[in-house]
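Participant: Letter by letter, the chains look like this.
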Amino acid sequence: MRWGMVINLAKCTRCHGCIAACRIEHFLPLRMTWPRLIALETDDGFSVDVSTYPVRCNQCKEAPCVEVCPTEASYKREDGIVAIDSNKCFGCRYCVIACPYQNRTYLSRKRNPNYFPEHAKTGFEKKGKQIYPHQVGTTEKCNFCMERIDAGLAKGLKPGIDREATPACVNICQARALTFGDLDDPNSNVSKLIREKNGFVLHDEYGTEPSVYYIDYKLGGAPSNKAPIEAQTGSHIQHLSSVYAPSKEKLAKKNAD
Amino acid sequence: MANREVIYSTCKSCHGGCGVKVTKEDGVIVHIEGNPNSLTGGTMCSKGLSSIQHVDNPYRLKYPMKQVGKKGTGKWKRISWDEALDTIEAKMRDAIDNYGAHTVAISQGTGRGYNRYTHRLARSLGTANIITPGYVCHSPRLGLYGLVTGYGRLYCDYHGWGGEFPKTNIVWAKQLEISSADSEMCYWFMKSLDYCKNFIVIDPRASAYATRATLWIQPRPGTDCALAMGMMNVIIEEELWDKEFVDNWTFGFDELRERVKEFTPEKVSEICWIPKEQVIEAARMWAIDTPGCIQVGSSLERQANCGHTLRAITCLMGLAGNIERPGSMISWVLPETGLIEDVFLELPYTDEMRSHVIGIDKYKMGAARTCNPDTLVKKVIAGEAPIKVWFSVGGQQIVHMANTKEVVEAIEKVEFMVHCDLFMGPMCEAADIILPAAHWLEIDDIYDMHPRFMIEAHNKVVDPPGEAKSDHWIFNEVGKRINPEAWFESEEKSLDHQLRKGGLTWEKFSENLVSGCWGPDQVYYKYKTDYWKEGGGFPTPTGKFEFHSNHLESLGYDPLPVYNEPGESPVSRPDLFKEYPIVMSTGFRQPWYFLSQYRNIPWLRSFMEFPQCQLHPDTAKQYGVEDGDIIWIESPRGKIRQKLHVFPGIKKGVLMATANCFYPEEPSEGYHGLMISNPNVLTSNDHLDPMYGSPDLTCLLCKVYKAKDEELTEEVFRSEEYGFVPPKDEED
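Protein chains in written order, with my numbering: chain D, 1 to 257; chain R, 1 to 732.
Careful, some of the hints might be misleading.
[Claimed, not checked] Below are the DSS-like pairs computed for lysine-lysine, each with C-alpha atoms no more than 27 Å apart in a straight line:
(1) D:K127 to R:K21
(2) R:K66 to R:K388
(3) R:K197 to D:K226
(4) D:K218 to R:K197
(5) R:K413 to D:K126
(6) R:K243 to R:K276
(7) R:K197 to D:K192
(8) R:K528 to D:K218
(9) R:K191 to D:K192
(10) D:K155 to D:K197
(11) R:K413 to R:K66
(12) R:K276 to D:K129
(13) R:K24 to D:K126
(14) D:K226 to R:K66
(15) D:K121 to R:K62
(16) R:K379 to D:K226
(17) D:K158 to R:K191
(18) R:K413 to D:K129
(19) R:K621 to D:K155
(20) R:K508 to R:K528
(21) D:K127 to R:K460
(22) R:K405 to R:K379
(23) D:K126 to R:K21
(24) R:K191 to D:K197
(25) D:K158 to R:K405
(26) R:K652 to R:K706
(27) R:K621 to R:K528
(28) D:K155 to R:K405
[As the list claims (entries may be wrong)] Have a look at the derived ranges for each label pair, beta carbon to beta carbon:
(29) D:E205 to R:G628: 42 to 48 Å
(30) D:E230 to R:E415: 56 to 62 Å
(31) D:T71 to R:G466: 47 to 53 Å
(32) R:K75 to D:A39: 39 to 45 Å
(33) R:K413 to D:R31: 53 to 59 Å
(34) D:Y132 to R:N3: 14 to 20 Å
(35) D:K226 to R:G503: 35 to 41 Å
(36) R:G503 to D:Y132: 27 to 33 Å
(37) D:K226 to R:R354: 46 to 52 Å
[To be verified] Looking from chain D toward chain R, a few residues come up when the C-beta cut is under 10 Å (computed):
(38) T42
(39) F116
(40) K127
Just so you know, the hints here were simulated from the structure itself, not pulled from any lab data. Owing to the predicted nature of the structure, the values given are computational and were not obtained by experimental measurement. Where a beta carbon is used, it is the ideal one built from N, C-alpha and C, also for glycine.
Chain D with its partners taken away, still in its complex shape (with noise of 0.2 Å):
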C-alpha cells in the first residue's frame, strides 16, 4: 500500500479552493501553506501555455527531507506518507533545504500568531488549538490528510473512495482536478489515470520517487456526448429531496419513445 495522488493540470482553475480547504482542516496559521499553486505562463513562440501547478508535499519514496533529519522526527510510514512528529523536531530546517521541491515550511517562533493582528483570537483559531495544535519552532507540511486516512481506515473506510477517509483537498475540488488512492495496486483509480494519461512526476531525474504525479491534455476531443444511463436520471442527485419523486416511469417512456 502506498497512498499517492494524480492532479490533472488540464481541469486545475486556480481556484485556491485546496488551500482554503487545508487551512480549514488543519487550523492552519496565517501564512502557513500546505499545498501552493505555482503559475506557469509561458509562450514558445508558437504557443502560449497558461498552467497551474498544484504542488504539496510529493511523499517521495527515497525522501531526502527524511534522510537529512537528524533527530527522526520526519520519518515514512509503512503506507508511503512522509510524516513529522513535532514533539521530536527542533526547528534545524535541514529538511526545509534538502527537500528539492521546497515543499516544507517552517513555523517561526515570532509569527504573529493571529488571523486578525490587531485583535484577540477568532473562535475557529481558539478551538483550532485544542483540535489541531501547531508547535511554532518547528517544521511542518502536506501529509496527505494522514488522521482523515487513519480514522477512515480504522471504520472500514476506502481513501479515495470514501470521502470521509479522503483528502480534504481531493474531496473540495470543483474541477475534481485531484485523485487520491493506492499506487500500489494496479487497478487502483490513481493506477489506471497514471497508466491512461502518461501521468509524469516533477523533476523526475532528482530519482526522488514521488508520490505525487500530474497527468495534462487538451480538453474537448471527447468521442461521444452521450450521456451515461445515470446522469440521464439524475440519480445521483435524486435522494436531495424528497419532494422529488425519482420519475422511473416517465424514463422508461421516454426510453420507449
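Chain R: place on chain D using the hints.
Facilitator: Chain R only, in chain D's frame:
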C-alpha cells in the same frame, strides 16, 4: 466531551448554490466543506470556504450607526434599531408625501440573495427607481433572450438529462470555472467538458482553460458582435444552418441572411484583429457538431453595443438549432415551488411608477423595471433627478459604476442615504445611516439566485454578530413601516408564503434543503409541444424564434443585429488612440474575490494583495514597463495605479485591469482608497448602449507608465504589515 453539531446549508459567496456542510463545536464553526449529497457533490471554492473569516471577522458591522460628521469622514455614532428605522421611515414618508414615491431610490449589489426583496420593497413603496448592476451583468442577456425566444432565461444544458451533453462548448468572455455566476454552475460545466468534442474559448485574455481549448479566439475587446456576425456569415454561406429548425420555427431568416452578408471572415478578421481562419473554424464547429452551448459572460454586457452583441449571439444559437435540444440552450422547467420571484411580481408595477423611471425615455429595453444608473448620476449632478432618499443594500455602486468621480459627486448630493452591509466600505461612508447585515451562514432564507431548475435552503448556522440582522428582516421591517399590507408578520411567514405553491412550509423545506426539477422531469423541445403555445411555437409575438424583431423596430431600434464600434476604440477615435494607444478592459477578475468583496478576508487577500493588471510581454516592453512594477493607467477621465503582471496569455496591445477594487484598510477619507486602483476612475458614462444603457467598461483606451516611488504615498504602498494583509514571515 465537546458538543458537535452538523448543519447543512447553501453557499452564497458568489451567485452561489453549492451545498455546504458546516460542523460546529460548542457553538463555534470548526469546519466547512461541501455537502456531498448536494447538486455540487461536496465541492466548494476558496471564497465559500473562507466564510469562516466572515463569521469570525472583528471588522464586521455590529450595530446600526449614524454619520455624525461630513459624508466620507468616517465619524459614526451607534444608534438603536428603533432610532434607525424611525429615521428611515420619517425620511421616506417625507419624500413620498411631499415629492412622490419615485424620489426614493432603492439600490442593490449583485446579491446576498436579496434581489427579490429589494424589488418588493420598491414596489411596496411605489417607486421603480431601482438601481442594480443588472444592466452591466445579466439583465441584457435575459432581455434579449426574451425578445428572441419569448422566454427570458436560456441556460446551458450541461447535465446530460436529455441523453446528450454539449458536443461543442463555447465560453464567450466568461470564467464560469471560477464562480457559479448568472445561474450557471461551474461544477456542471466542468463535468460536461469530459463529453465535449469542440471546446471554444473566446476571450482576449487566457482564462484557466483557454490554452487547453480546441480553439481559443482573442478578439479585440468590444468587437464580439462582429465575430458573431462573421460566424453567422460562414454558417449561411456554407449552408450549415439547421434547416429543420430555421424553416419551421424561426422568423426573419432572409433578412438576417442579408444583414450578415457583409461580415465576411476577411472583414471580421480586420475588425476583431484575429485570423480569418478562426472565424471559419469556430462557425463550422458550432454548426456541424451540435448540440452545443454558449456560455455568455457579462463582459459583453459592459459594452455600449451590448444589446446587438447579445442579439447576434442569440441568433447564432438559433441558426445552429441549439435551442431546447438536449445539450443545448434551454429554459428550465421550474420546481414545484414555482417562480420565487413572484414575491415581488405579485405587487403591481403601475403606470405611475413606470412614468418616473429614470432613463426609460431613452433606454427602452433596460430601464423598463429598473432605472438607468448612469442617467441617474448625470441627473442628480445636474439637479434634475430629485432623489431624496437612497436605500442601498450590499452593492458598491460607488465602486462599480462608470466614471467614479461623477458617481461620488452624485452620491454626495443625495440628501439621505442608508446602506446595509457586513463591513464598512465606500458605500457605507457615503451613507447617513448604516445597518449591519448578516452573512449567509447566519440566516434562514430561500436560495434563489435567478430562477432555475431548483431552489435551495440557507439554514442558519450561527447568530449574526452584535445586532446584525438578515437583509430579509431589514426589508420586512422597513417595508412594514411604510406599507404594512405588503409585508409579513415575520420572516418565517414570508418564507412560508414564498414556498406555498410547492405545498411546503419553511420548516419542511429547510429539512429537505432543495426543491428541484431535473433528470427526466425536465422538458426539452418545448416549442414542438403545447407547452408555450397551442400547436407549438415560441411565446413571441410571431410564435417563432425571432431573428427579426418587430417589437424592437416599434421601439425605434434596428430589428436585426448590427455591429457598432465601442465609443472609444482605435477605429472610432483614432485621434484619442494616438495619445492612448492601448485598448483597455476592466474585465480581470480573480477566483478568490467576488466583485468588490473579500479584500478584508485574510485567507483570500493572501492570494493577491494588490490589484493586478496584465499586459503582453511585447506590449510591456514597447511602453517601458516591467513585471511587478506599480504602473499608472491613464484615460481621458483620470489615472489609477495597479501592479503589472506581464502575461503571455493576453492579446497584444490590450490591457486587462482588475475591476471593482478598493482598500478596506485605507481610511474613510477618500472612501477607502477608492481612487487608488479602481478602474472605473477611467471608464466613461457618456457612451451607453442604446437599448440597455450599459457603458463601455470593457473596451476603452488607455496609456501606461511606471509610477515613481515618491508617488506611492498611500498606506497600501507603505508596508505590508497593515490591515487585512497578513504580515510577512519573520525567521527564527
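Participant: Which of the listed hints are not met by the structure?
Facilitator: Violated: hints 5, 8, 10, 12, 14, 16, 18, 19, 20, 25, 27, 28, 29, 33 and 36.
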